[in-house]
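**Student:** Below, each chain spelled out in residue letters.
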Amino acid sequence: MIIEAKPKEEGESGRRSPEAFLNNLGAVLASDPARDRDLAAILADTLVKSEVADDAVDAAFEAIVDLAARRARPTEGGSV
Amino acid sequence: MTDPYVLNSLTVSGFRAYLQPKTFDFSGKKSLAIFAPNGKGKSSLVDALEFMFSDEGTLERIGIRTINNNAGVVALPHNLAEDLDIESSVSVTFSKANALHSGKRLASGNRARPDVATDIKSRLVVDPIIRGYGLRQFVEKRTAEERYEDVARWLDLGVLVDLQTKLRELRRKVKAASEDKTEQRQVDTQLARRTGQSIKVWDDAKVLAHVNAMVAALDQKLSLSAISPNDPVVATLKARADEEAAKVGLVALRQRQNAAHALLKEDGDKSVGAIPALESAVLTLSSAAARETTERAAAANAVFKQVWESAQTLFGEGVEAPSECPVCATPIERTEAGSVEGIRNHLSTHLKELTEYASAKKALDTATTALGQRKLAVTNALTVLTGLLSDADAELTSASAAYSSAVVQTSVDVEVADRFMSLLRIYQASIAGEIERLEKGQGESTYAKANATLQWAIELKGDLETARRKQTELKNLHGQLQSQCQFIGGQIRTEVQSVLDTLEIPMNDIYKRIQREQAIAIRLELPPDEDANQQRLNLIVNFAKNREGVQPAGYLSDSQIHSLALALRLAAIRLCNAEVPIAILDDIVTSYDADHRLAFSALIAEEFGGLQFVLVTHDERFFLYLKDRVGDQGWHYARILRIEPGHGPRFADERVSDEMIEKRWRDGESAANDMRQAEEEWLLGICREFGVDVRIRTVEKAYSYERSELASALAAFLSDRKLVPPQVEGVSNRFLKSLQSGVVENFGSHFQDAQYGAGSIGDEKARWAEFVAFRDLFVCPACGRRRFKRPNVGVSRPLCAAENCETPFSFRQRIQAGAADRATQ
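Sequence lines, in order, name chains A and B. For what it's worth, the numbering used here labels the leading residue of the first sequence as 1, then goes sequentially. For what it's worth, the numbering used here labels the leading residue of the second sequence as 81, then goes sequentially.
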């Protein structure tokens, strides 16, 4: 018995789309208190989502470096 | 689900092996199988489809440029196309939801891809073209990483692959940054420069000793215990520096210098301060006002903005526009614009003008506001400066008042401004000179310099500590990033594996259908990996008890690996290309034996009715099996007989008729080639209808039938069944024997006993008469029809194909003399 071809659209195939998967994953990351929430928010805002900018890696990297610099300053710091 | 694209027709002209235009019509029967011996142009058809959909307008194996082993795009057109003024192109028509979409792609010059091909390409998740020579590569050559990427993209999971790639890159960058000590080295560079290279790397004790040496030269009782803003000596040193400055009059001078610098500070070509800022604001306002005036004029007629915006929703791109004006009901073609496209251009132009005017107006408002702020800054700074001036500075005071008044009124006279600026620069030079004279008089050892060095050291230490803390934070964040990437990688892995499972089952089903009892189920497996975002796809087979979980390559036979790759590709095409359900197969059964070819034919017939196929093969047995198993329903079959230099592939459905041969003779031409084709066509037809067993050919002739081979098989078939062709009056009737003996195998010498002798038209006519006479013997003895079918079980002779007849075949013993007469005319 060979399984019939399944269409790609979500719902008809019974399979969630990669975009829906990513958006859900981003939300899970950003809301999990067990993680570094600042970092998770950066990942969710830049990379772990369906529409990713061309320079997303650079944007994420700069945001992480900025976060490190902010935390390094004695009078400031991000929440962990 | 959207309606799929179905190939409706394909036309190849001046492309690869095809010189004269040839159209393949799929409107009646959607699938096509072509048999041809090697080198007869069958793959050119697959090339045409690859070329049509390719991004670069070429074939993978020839590339774009003629370089190294690549032939380049110059190999796309037929080599005679240009000389014969035949266009080199491929044209397609696809149907979709009862509408036809056509496009043509030129193979020389501008090879732009038509829109329909671009749209179809975007909907093809898996490459629909499978070539036999490339099949094994997926199993044997592609790395596990490449396979993962291939399959993930087939399954529409490319966005997840991209995320994994990006996360890997991000982790690399963050790791590198966490190990980078550039900022700390910059601190050391400054330290070395300031201390005259006596301290090259930050050392708390050495820097402390350096600062304390300066302080001790002023007061031996003062000594810092640390480079820290909290050390009590810091406050003492600052107080003494202030006291020292006040004593020599430096404080008041610096106050005046700062007030003057607030208005204007020049350093080479660079000028800063309230006055340069004001001048810049005036220029900006002037430019903004000019632009606003221009745009206002352009948008003067833009009073119907709301109407135009409403109209744009009706006439936008991709919207079915109304046929008449929605306000006055004037047909669109009678409006001033004249067409929907004209209206779109009209709307686009005017709405753009409105947008640009709005932008210019906003810029003017911003510039006006900025100018007010700059004027206020200048007048405030002038007030501070004049408050510090003495009676000796009366001239500058007067010029300042005039300048301030002009600034407030925004009507700065050039002379007023120049006089004030000139006096201001003289004043600044005078103050600077006085400060320099006083500082020199103090000597090197001053509290001011000691205090400045201490403040510098405290600041530099702060920078160093910040850089170190930042590096520590980056290391922590890199660790956190690793952890979060592992989480993301795990989630993706679970997701991909669940989708892989949907491919694994149909792949194994197809594989088992081809390989049958020899098939061992293959697993598509994502192995656990040490790198969170480095994914691989393994093909795993439990080959034997002591060879479990091994890679198929090296354990499976050639045929099995071939089948595995084919099964994976076909399963992926069927699963993923629902919007363009087509499979294009080029010689994909080369490593199969007869059983596997039969099994694959049955598979296509029974399991792939939903796909459209374009299939070319040089394996006639497979071609015949396919025809037997699939039948004519939805398929048509074609044979390429030969390739002609001035034409291209010659198909068997371009059958040679008796009239064509006679016309040749009337034109004084030789018909030798046409006769040969006609004889081949008839022999193939009668052998197929009679169910003649053709002997297994030698390896050297594995994929080609010779007339002699067919003739021998037919002669044996007739002899076995005691079917003796009667002699025909007037002709020698040695047709079969001449073929069996091989004396007519060479073109142009059909009727020569010497194999390489030159033929004549007279010879050809005699030979043709002999053939026609022999062919005419094959008629039903009962009804006279000429179509037959294979004998049923228990019957040795072929049967008449007519439904109401089905008489076993036998030769009529008495032949009408007229038949022979006609044949010889």
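No wet-lab data here; the hints were simulated from the structure. Values in this document were obtained by computation on a predicted structure and should not be read as measured data. There could be a bad hint or two in this list.
Taking lysine-lysine pairs in the DSS-like style, the calculated list, with each CA pair at most 30 Å apart, reads [claimed, not checked]:
(1) LYS49/A x LYS255/B
(2) LYS301/B x LYS261/B
(3) LYS49/A x LYS301/B
(4) LYS49/A x LYS541/B
(5) LYS301/B x LYS541/B
(6) LYS327/B x LYS49/A
(7) LYS49/A x LYS286/B
(8) LYS286/B x LYS592/B
**Student:** Hints broken by the structure, by number, lowest first?
**Tutor:** Result: hints 2, 3, 4, 6, 7, 8 break, sorted rising.
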